[in-house]
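Chains as they are written, first to last, in this note's numbering: chain R, 1 to 217; chain E, 218 to 434; chain G, 435 to 666; chain W, 667 to 898.
Please note: incorrect hints may appear among the correct ones.
Here are the computed lysine-lysine pairs in the DSS-like style, where the Cα-Cα straight-line distance is at most 25 angstroms [to be verified]:
#, chain 1, residue 1, chain 2, residue 2
1, G, Lys565, E, Lys278
2, R, Lys117, W, Lys834
3, E, Lys341, G, Lys479
4, E, Lys338, G, Lys479
5, G, Lys617, W, Lys805
6, R, Lys137, G, Lys447
7, G, Lys602, W, Lys834
8, R, Lys137, G, Lys617
9, W, Lys679, R, Lys71
10, W, Lys732, W, Lys887
11, R, Lys124, W, Lys738
12, R, Lys137, R, Lys17
13, W, Lys738, R, Lys121
14, W, Lys732, R, Lys71
15, R, Lys168, G, Lys479
16, E, Lys234, W, Lys679
17, E, Lys234, W, Lys849
18, G, Lys447, E, Lys341
19, W, Lys849, R, Lys124
20, E, Lys288, G, Lys479
21, R, Lys137, W, Lys805
22, R, Lys17, R, Lys5
23, E, Lys385, W, Lys849
24, E, Lys278, G, Lys602
25, G, Lys565, W, Lys797
26, E, Lys402, E, Lys382
27, E, Lys365, E, Lys338
28, G, Lys617, R, Lys17
29, W, Lys738, R, Lys61
Derived CB-CB ranges, DEER-like [as the list claims (entries may be wrong)]:
#, chain 1, residue 1, chain 2, residue 2, range
30, R, Asp78, E, Asn355, 46 to 52 angstroms
31, W, Pro897, G, Tyr653, 28 to 34 angstroms
32, W, Glu857, G, Tyr653, 33 to 39 angstroms
33, E, Ile243, G, Gln477, 55 to 61 angstroms
In case anyone wonders, no lab produced these hints; they're calculated from the structure.
All C-beta atoms in this analysis are idealised placements derived from N, C-alpha and C, irrespective of residue type, glycine included.
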Amino acid sequence: MGLDKNQIAKRIAQELKDGYYVNLGIGIPTLVANYVPENIEVTLQSENGLLGIGPFPTPNKVEADLINAGKQTVTYVDGASFFDSATSFAMIRGGHVDLTILGAFEVSEEGDIASWKVPGKLVKGMGGAMDLVASAKNIIVAMQHSNKGQSKILKKCTLPLTGVKCVKRIVTDLAVMDVTPNGFKLLERAPGVTVEEIIAATEGKLIIEGEIPEMKL
Amino acid sequence: MGLDKNQIAKRIAQELKDGYYVNLGIGIPTLVANYVPENIEVTLQSENGLLGIGPFPTPNKVEADLINAGKQTVTYVDGASFFDSATSFAMIRGGHVDLTILGAFEVSEEGDIASWKVPGKLVKGMGGAMDLVASAKNIIVAMQHSNKGQSKILKKCTLPLTGVKCVKRIVTDLAVMDVTPNGFKLLERAPGVTVEEIIAATEGKLIIEGEIPEMKL
Amino acid sequence: MNKVVKNAEEAIKGMSDNMTVMFGGFGLCGIPENVIRVLAQTQIKGLVCISNNCGVDDFGLGFLLKNKQIRKMVASYVGENAEFERQMLSGELEVELNPQGTLAERIRAGGAGIPAFFVPAGYGTEVAIGKEEREFNGKMHILEHALTADFAVVKAWKGDTNGNLIYKYTASNFNNMMAMAGKITIAEVEELVPAGQLDPNFIHTPGIFVQRIFQGVNYEKRIEQVTTSNPK
Amino acid sequence: MNKVVKNAEEAIKGMSDNMTVMFGGFGLCGIPENVIRVLAQTQIKGLVCISNNCGVDDFGLGFLLKNKQIRKMVASYVGENAEFERQMLSGELEVELNPQGTLAERIRAGGAGIPAFFVPAGYGTEVAIGKEEREFNGKMHILEHALTADFAVVKAWKGDTNGNLIYKYTASNFNNMMAMAGKITIAEVEELVPAGQLDPNFIHTPGIFVQRIFQGVNYEKRIEQVTTSNPK
Numbered sequence: 001m002g003l004d005k006n007q008i009a010k011r012i013a014q015e016l017k018d019g020y021y022v023n024l025g026i027g028i029p030t031l032v033a034n035y036v037p038e039n040i041e042v043t044l045q046s047e048n049g050l051l052g053i054g055p056f057p058t059p060n061k062v063e064a065d066l067i068n069a070g071k072q073t074v075t076y077v078d079g080a081s082f083f084d085s086a087t088s089f090a091m092i093r094g095g096h097v098d099l100t101i102l103g104a105f106e107v108s109e110e111g112d113i114a115s116w117k118v119p120g121k122l123v124k125g126m127g128g129a130m131d132l133v134a135s136a137k138n139i140i141v142a143m144q145h146s147n148k149g150q151s152k153i154l155k156k157c158t159l160p161l162t163g164v165k166c167v168k169r170i171v172t173d174l175a176v177m178d179v180t181p182n183g184f185k186l187l188e189r190a191p192g193v194t195v196e197e198i199i200a201a202t203e204g205k206l207i208i209e210g211e212i213p214e215m216k217l
Numbered sequence: 218m219g220l221d222k223n224q225i226a227k228r229i230a231q232e233l234k235d236g237y238y239v240n241l242g243i244g245i246p247t248l249v250a251n252y253v254p255e256n257i258e259v260t261l262q263s264e265n266g267l268l269g270i271g272p273f274p275t276p277n278k279v280e281a282d283l284i285n286a287g288k289q290t291v292t293y294v295d296g297a298s299f300f301d302s303a304t305s306f307a308m309i310r311g312g313h314v315d316l317t318i319l320g321a322f323e324v325s326e327e328g329d330i331a332s333w334k335v336p337g338k339l340v341k342g343m344g345g346a347m348d349l350v351a352s353a354k355n356i357i358v359a360m361q362h363s364n365k366g367q368s369k370i371l372k373k374c375t376l377p378l379t380g381v382k383c384v385k386r387i388v389t390d391l392a393v394m395d396v397t398p399n400g401f402k403l404l405e406r407a408p409g410v411t412v413e414e415i416i417a418a419t420e421g422k423l424i425i426e427g428e429i430p431e432m433k434l
Numbered sequence: 435m436n437k438v439v440k441n442a443e444e445a446i447k448g449m450s451d452n453m454t455v456m457f458g459g460f461g462l463c464g465i466p467e468n469v470i471r472v473l474a475q476t477q478i479k480g481l482v483c484i485s486n487n488c489g490v491d492d493f494g495l496g497f498l499l500k501n502k503q504i505r506k507m508v509a510s511y512v513g514e515n516a517e518f519e520r521q522m523l524s525g526e527l528e529v530e531l532n533p534q535g536t537l538a539e540r541i542r543a544g545g546a547g548i549p550a551f552f553v554p555a556g557y558g559t560e561v562a563i564g565k566e567e568r569e570f571n572g573k574m575h576i577l578e579h580a581l582t583a584d585f586a587v588v589k590a591w592k593g594d595t596n597g598n599l600i601y602k603y604t605a606s607n608f609n610n611m612m613a614m615a616g617k618i619t620i621a622e623v624e625e626l627v628p629a630g631q632l633d634p635n636f637i638h639t640p641g642i643f644v645q646r647i648f649q650g651v652n653y654e655k656r657i658e659q660v661t662t663s664n665p666k
Numbered sequence: 667m668n669k670v671v672k673n674a675e676e677a678i679k680g681m682s683d684n685m686t687v688m689f690g691g692f693g694l695c696g697i698p699e700n701v702i703r704v705l706a707q708t709q710i711k712g713l714v715c716i717s718n719n720c721g722v723d724d725f726g727l728g729f730l731l732k733n734k735q736i737r738k739m740v741a742s743y744v745g746e747n748a749e750f751e752r753q754m755l756s757g758e759l760e761v762e763l764n765p766q767g768t769l770a771e772r773i774r775a776g777g778a779g780i781p782a783f784f785v786p787a788g789y790g791t792e793v794a795i796g797k798e799e800r801e802f803n804g805k806m807h808i809l810e811h812a813l814t815a816d817f818a819v820v821k822a823w824k825g826d827t828n829g830n831l832i833y834k835y836t837a838s839n840f841n842n843m844m845a846m847a848g849k850i851t852i853a854e855v856e857e858l859v860p861a862g863q864l865d866p867n868f869i870h871t872p873g874i875f876v877q878r879i880f881q882g883v884n885y886e887k888r889i890e891q892v893t894t895s896n897p898k
């Protein structure tokens, strides 16, 4: 029941538009690159200083000086550019990146996001996530709807925040939802998932208007 | 009596040290480049985006895209670099330029400088002068000691300021002086100029200790 | 994704009265000649222009000035230009002067999402009037605010179809930051090449900052002061 | 003017206990391997290190960590490193975490003479605790302060004897800004050439920011995650 990681990525890829500059976070978001529709062109930004990420290199083309923000070896596409971290975050903070896709531990009905710190566990740091959620024109969160029966789609986040009132859309294994002034607006169900199941898995206020269609994957 | 413009420039050139990065203002300061001692290397910065200004080009090497801050065609030396205006003023504001040499209408005994605006006359703007005087590690002013009998070395500036408490040393047609907490300290006389003549031409407080040597040009 | 437009006429589509427009260049070096020329043929007026200088009487932004298309000029050094003087003194033209480094940084800040920052330049002068003052590390600073524009118009040496730009020598000046600070940034270039032909390691302005690009024509590249030395 | 030093030993002359030192690099990409290696052989301790990351257990800044030469770490993403975790949890190591873009901009600001600036990142989170908050254009921001260092240590691909630097691909990262922000900046390069051999139009870090430069040896350039695709 519900989408696997690749299906979540595939659904999110439908949000891409021709000409978009997109920053993909680590985890599910990275997989989105595999599902970019063929008829559009998007440019992937890596906050460590690359605009125009290409596929992973073939073994003979691995280059230590060419990595993505997840520290994986990558390549670059035609028309790419390299730059320093200050310029990279000028792009992000200045709102030049059209879309940020990232993971989260929790999202609140006001659009707050918690994604970087679990008290009591090791803190690795926020990296670029706080900059991204504070400034991207559009933010989509890719996440699991709940964890061991505990909803992660909440009235209020319980974990330390990454950013406030910033998330626009959430794609989970169960549903697509928008954050609206009145709560989470349910847009689509995962194939085979019922509205009742989504209601049961959602702690935050869920707005259900009319028939909720199934996602098309 | 007193130094001509080239002699002022020649005296100021004695302040240069090997390895200095120097910004030269328009007018007399520009002439300093002609008198850099042969045994030292200084790098001239042009705030429109060049580190390593070379001599004027020969007529067949004139290049519209290669000018100095005075909008004159120039060349560049080996080891030069070009950059944008934000980076250029990062160098200046960040204190990376060792010495700024610029002209002035007036200097006060506290080290204030007025150099950009004469009320009632056309205002052309401050250009980079305010940035330079606010941040250069060391500031030398090249100017005439007085104008039509009116001293320009003052207790307080009468014209709108370019910067406050910033001037370190002044080289005029009559004298070399340092700005100190107690007033203008007279260091050197122009050849043939008496201390009395300098006193007469100085409105601000002048400190005279011991014998004042003649400049060596 | 298609950023390439045919020419300056197509590039300025959507530009209208009372907009704020940035123009790259220092003096006449690195100015977007094509867009200025075409803009001077339109009826667009009331512009707030942000540019380090304002051209000369018969070139560069001087064209727009002559046509009274500019309502306000935000600059650092102006007035190589008799008409500018006349309009300023008569009150037809509003002028806001900035220290040059502050102007450059305000534009970069606009592009980089930094709404305000402290600088020492201008403290204790009329530039500081009405601005917040604060001491850091024993030195007084003033708070300056970011600048952005409806359109930024820049000129580069080479560009590619993705909007990546390379400037030549001192012609980068304000162009590089202005490209970052325009809601719509127009780049005119001397040579436009397909994406992939410029070395990605040596791009001055990454394409993300540029929305429209075209290859300019008939560059005059006028020089304000030809200064030469004798061949040895 | 002579900026060229023989090696890392000579480059770190004057570095001493309790100094603040910046190290360029992102993960293990673009880190100054030579200086780190030599520094780990000294008795210098109590360092405040500013670096986006803190190496791994057996490479990069991990060497200094193992020797307990670091008192405080200012970073954005840390802990690919068991010893780091141990020292942090035991209270031996002080850690200050910054949003990555804020860290980058604080360093640039330090080099550019901007003591403080407003950013939106971190507003409403624990990063904002104790910081001034202000609204601009309907959006809340927090005031962040500049970072500088007694020494900045950067790694470039090519450099010349004037200190001009060029980075390769994504190895620029924090190096370019850190070069601006060191009272003394040390650059180690893979290839050192005489002034005049690098194209002045394509310099990433102008030489004015670099005080000491040397050609490094035995670069390992370790990769954290080799990810490959199958040849088609």
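Enumerate the violated hints, using their earlier numbering and listing them in ascending order. 1, 2, 4, 9, 15, 18, 19, 20, 29, 31, 33
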